[in-house]
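The listed protein sequences derive, respectively, from chains Z and X.
Heads up: the first sequence is residues 1 to 235, going by this note's numbering.
Heads up: the second sequence is residues 236 to 645, going by this note's numbering.
If you're looking for bench data, these hints aren't it; they were derived computationally from the structure.
Warning: the hint list may mix true and false statements.
[What the hints assert, rightly or not] So the derived list for chain X, only partly shown, Cβ under 10 Å to chain Z, looks like this:
no., residue
1, Met-250
2, Ser-253
3, Ile-559
4, Pro-638
[Stated by the list, open to error] Derived list of chain Z stretches under chain X, where covered just means 3 residues or more per stretch with a C-beta under 8 Å from a C-beta of chain X:
no., region
5, 51 to 61
6, 79 to 93
7, 101 to 115
Idealized CB from N, CA, C, for every residue including glycine.
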Amino acid sequence: MNLLRCTDLVKTYLLGKLQLDVLHGLNLHVDKGEYVAIMGPSGSGKSTLMNILGCLDTPTSGSYILDGEPVAGMADSELADIRNRKIGFVFQTFNLLPRQSAQANVELPLIYAGIPAARRHELSLKVLEEVGLAKRAHHKPNELSGGERQRVAVARALINRPSLLLADEPTGNLDTKTGIEIMELFERLHDEGNTIVLVTHEDEIGARARRIVRLRDGRIESDQKTGSTSGAGVS
Amino acid sequence: MTIQSFGFFVDSFRMAVSSLWSSKMRSLLTTLGIVIGITTVIAIISVIEGLNTAFARELADIGDSNVLYIQKWHWTSDDWEITRKWKKISFKELEAIQEGSTLCDLVTPLVRTSRTVKYERNKLDDTLITGVGKNYQDMRQIHLSVGRFLSNVDITKNRDVAIVGWEVAEKLFEHDFPVGKRINVGGKSLRVVGVIEKRGDFFDMNLDRTVIMPIGSFLEKFGRHRSLTIMAQPNDKMRVNEAIDELRAILRRVRKVHFIKPDNFAINQVDALKELYDKLTQGLYGAMFGVAAISLLVGGIGIMNIMLVSVTERTREIGIRKAIGARRSDILFQFLTEAIILACIGGVIGILLGFGAAILVDAVSPVPAQVKWWSVLLGLGFSASVGVIFGLYPAWRAAIKNPIDCLSHE
C-alpha cells in the first residue's frame, strides 16, 4: 500500500493577472519505508511539491492521500494536525527557535500534540540520544555547530514518530564532512524503517537515496531506482 | 480545539514569559500607559473608600440621619448674600415648633462659637464650643470615655458644667484626671463632668477639639445675640417630608413671611449632605474614569504596537511552529497570552504604585485614603481586559500567516 499517493496534482499560482502553472498533473507514489530523492533545477516545482507533500500547502486540483488520509481538501487546522502527527520536517536552515534549548526545540511538536511536560522531557531526551546529542540537550542553538543543529532538527522531526520524514536540502548549509554525517544519519533512519523524502539539487546527495525522482517544468522527467545498497525495497 | 488543556495553558504561559523576558526593557516601557491607568484607578478608589469610611463614621456619629436642622444658612448652596440678610433663628421659633409641631416631638436648640480653652498653664485655641438643650443627647450619639453627659438639671439650671473632647482633655490635663476640674473657656469657668471618646479627624476638622455645655449657660457667658440651630427629629421616618412641610408652615407663620415670598430660613437634612457627598465622589469617579480610560487606551495601543512588531520579528518562529503542527488557535493563544501577561505586568506595577500613592495621600494630606484589597482584582481585571482587547488583533495577524511565507522570511 502506498504511504503517499499524488494523482494529477496541479498547482497554479495567480500573480496578478498572470497565471503561473507550477505543477502540471503530477503523479507520484511512495511506499512505506522508501528513501526518495526529489531532484531538479530551480523552477522545476520541487519546492512546491515539497510544500504540498508536507501539508503546508494544498494543490489547486488533484488528490493527495497521505497514510490513507485525503489531505488535498483539508481545512487549516486539520492540516496542522497532520503536520504534527504524520510529518517530520528537516530544513536547509535548521529552523530552530534561537532562544530555546536543544531539548525545548525537540519538544515543541509534543506541546502541540498535548503531551504533558514530564513525558515530553523523557521522549525528547531519548530522541536526542538517538541522534547522539543527549549531552548537548541544554545548549542553545547558537552554542551548537551546524551539524549539531541539524541533528537537533532531525531529532525534532522524529519525536512524533512521523510517517514521513521530509528533508529540504538538509546539507545545504553544512560543510562536506558534516553533510556526509547528516546523510549517514538519514541512512540509518532509513534502515530503521522510516520513510524519507529528500529534496536536493546536489547529485551526490541524491545518489544516496534508493530512488531518484527528477522534475522538470512541473512534471516528472524521470523516476529511477539507484544502485545504492539495498534497504527497504520498492513494491 | 482539542488540546487547550491546563497543561497547554502552562506551556503558553512559559513561552510567553521567556519571550517577554528576552526583551525586558521594551516590555517594561510598553506597559507604561497601563501602569499610569491602573495607578490612577487604585489611588482614586483608595481615596474614595477612605472618604466613604470617614463619612459613614460621621453619619453614625450624627445619629439619626432624619434629624432636621433649622438654620439661617443652607448646607449645600452658597447663597450667603441672601441668607445673611435673614432674621436670626431665635427661641420664638423654637417655642413655636415645640408647641405647634405634631410630627416632631424631639426638638432641641443648639448654638456654636469658637473660643480658647485653658487649664492652669495649658491652653488650646480655636476650640468649638457648643451650647445644647435638653434632648440633645437623644438625638446625637455621643459616647463618653469617662464621666457623665450633661444632665437635664445641668441644662435647665444653666449650670457651669461641660463635657470636653478627647484632644481638649489630653492637651489641657496631660496627666491629671479631667472630671471635676475647672477649665477656663473664653474667660468663663466651667467644671468638666465628662470626656468624649476619641473620634479622630474628618478632613481638616478635628472632632476631638470640642466643648459641649448647657445652652443657657452658653448664652449667659458668650452673648444672647446669635442665631440658633434648631434640631427637630421627625417621629416617623416615613413622614419626613410631611414634617418638613409642617415645620415650614410653623416657621413662615411665626416669622410672618408673606405667602408670595420664599422662605427666609433653611431646613437642612443629613440626607442632603449625603447627596452633596455623592456628587463629590461621583466627580472623583468621573475624573478617575477619564484619566484611566485615556491612559488604558494609550497603554493598549502601546501593547498592540509592540505586539505587531513582535509578530513581524518572529515571523520565522511562527512559520516553524506552524510547520511542526501549531494550529491557528495555538498561535493566536500564544500571542494573546503574551499581550495579557504584558498588560498584567503593567497592572501589578500600577497596583503597587496606586497603593503607594494612597498611603502617601493618607499620610501627608487631610484626605483620608484606605487601601482595599478587592481593588487588586479590579486592577488586574482592567489590565487583563486591555491585554485581551488590544492583543487580539496582533495575535490574529500572527495566526492567519501562511507558514510557507513565514519560513522563507528572513
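To see whether the hints hold, each was checked on the structure:
Checking X:Met-250 against chain Z: minimum C-beta separation of about 8 Å stays under 10 Å; hint holds. For X:Ser-253, the interface hint holds, the least distance from its beta-carbon to any beta-carbon of chain Z being 6 Å, beneath 10 Å. Hint status for X:Ile-559: holds, given a least beta-carbon distance of 4 Å to chain Z, under 10 Å. Annotation: interface hint on X:Pro-638 holds; nearest CB of chain Z at approximately 5 Å, less than 10 Å.
Restraint check on the region 51 to 61 of chain Z versus chain X: 4 residues with Cβ-Cβ distances below 8 Å, three needed, restraint holds. Coverage of the region 79 to 93 of chain Z by chain X holds in this model, with 7 residues showing a Cβ closer than 8 Å to a Cβ of that chain against a need of three. Residue count for the region 101 to 115 of chain Z with a Cβ under 8 Å from a Cβ of chain X: 6. That meets the three needed, and the coverage hint holds.
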